[in-house]
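Per this note's numbering, the sequence shown starts with residue 189, numbered consecutively.
Some clues are possibly wrong.
[Stated by the list, open to error] Straight-line alpha carbon distances no greater than 16 Å define the calculated EDC-like cross-link-like pairs of lysine to aspartate or glutamate that follow:
#	residue 1	residue 2
1	Lys230	Glu201
2	Lys223	Glu201
3	Lys211	Glu234
4	Lys194	Glu234
5	Lys207	Glu234
[Stated by the list, open to error] Taking CB as the label site, the calculated pair distances span:
#	residue 1	residue 2	range
6	Lys211	Phe191	33 to 43 Å
7	Arg205	Lys230	16 to 26 Å
8	Lys194	Thr221	29 to 39 Å
9	Leu236	Leu195	16 to 26 Å
10	Glu234	Lys214	27 to 37 Å
11	Lys214	Leu236	27 to 37 Å
12	Ser222	Gly196	10 to 20 Å
13	Thr221	Leu195	17 to 27 Å
14	Leu236	Glu201	19 to 29 Å
15	Lys214	Gly235	20 to 30 Å
16	Lys211	Gly235	11 to 21 Å
17	Ile237	Glu201	10 to 20 Å
18	Ser222	Lys194	17 to 27 Å
Calculated directly from the structure, the hints in this document are not laboratory data.
A virtual CB, placed ideally from N, CA and C, is assigned to each residue, including glycine.
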Amino acid sequence: MLFCFKLGKSAKETHKRLKEVRKKAKERDEAITSKSVYEWFKHFWEGLISLEDASSELAGQKLHAS
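Based on the sequences and whatever the hints tell you, model everything.
What follows is the structure, encoded as structure tokens:
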């Protein structure tokens, strides 16, 4: 996500790309949720770009929906 953020991609575009990657890898479970992508982008905009900077709740999120 940080890579896409630094390229100037939107959270919406990034979420779409993540879903496409999962589909191409033929993974059946869901990619990261749209809400999670928007929350990470909010942190990136605030200058918080590492897991150490992120809140414990955000840093603990799984990349796959259950």
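We went through each hint and held it up to the structure:
no., hint, in the structure
1, Lys230 to Glu201, "holds, 15 Å"
2, Lys223 to Glu201, "holds, 13 Å"
3, Lys211 to Glu234, "violated, 31 Å"
4, Lys194 to Glu234, "holds, 13 Å"
5, Lys207 to Glu234, "violated, 25 Å"
6, Lys211 to Phe191: 33 to 43 Å, "violated, 19 Å"
7, Arg205 to Lys230: 16 to 26 Å, "holds, 18 Å"
8, Lys194 to Thr221: 29 to 39 Å, "violated, 21 Å"
9, Leu236 to Leu195: 16 to 26 Å, "holds, 18 Å"
10, Glu234 to Lys214: 27 to 37 Å, "holds, 36 Å"
11, Lys214 to Leu236: 27 to 37 Å, "holds, 33 Å"
12, Ser222 to Gly196: 10 to 20 Å, "holds, 19 Å"
13, Thr221 to Leu195: 17 to 27 Å, "holds, 21 Å"
14, Leu236 to Glu201: 19 to 29 Å, "holds, 21 Å"
15, Lys214 to Gly235: 20 to 30 Å, "violated, 37 Å"
16, Lys211 to Gly235: 11 to 21 Å, "violated, 32 Å"
17, Ile237 to Glu201: 10 to 20 Å, "holds, 18 Å"
18, Ser222 to Lys194: 17 to 27 Å, "holds, 20 Å"
Checked against the numbered hints listed earlier, the structure breaks hints 3, 5, 6, 8, 15, 16; every other hint is satisfied.
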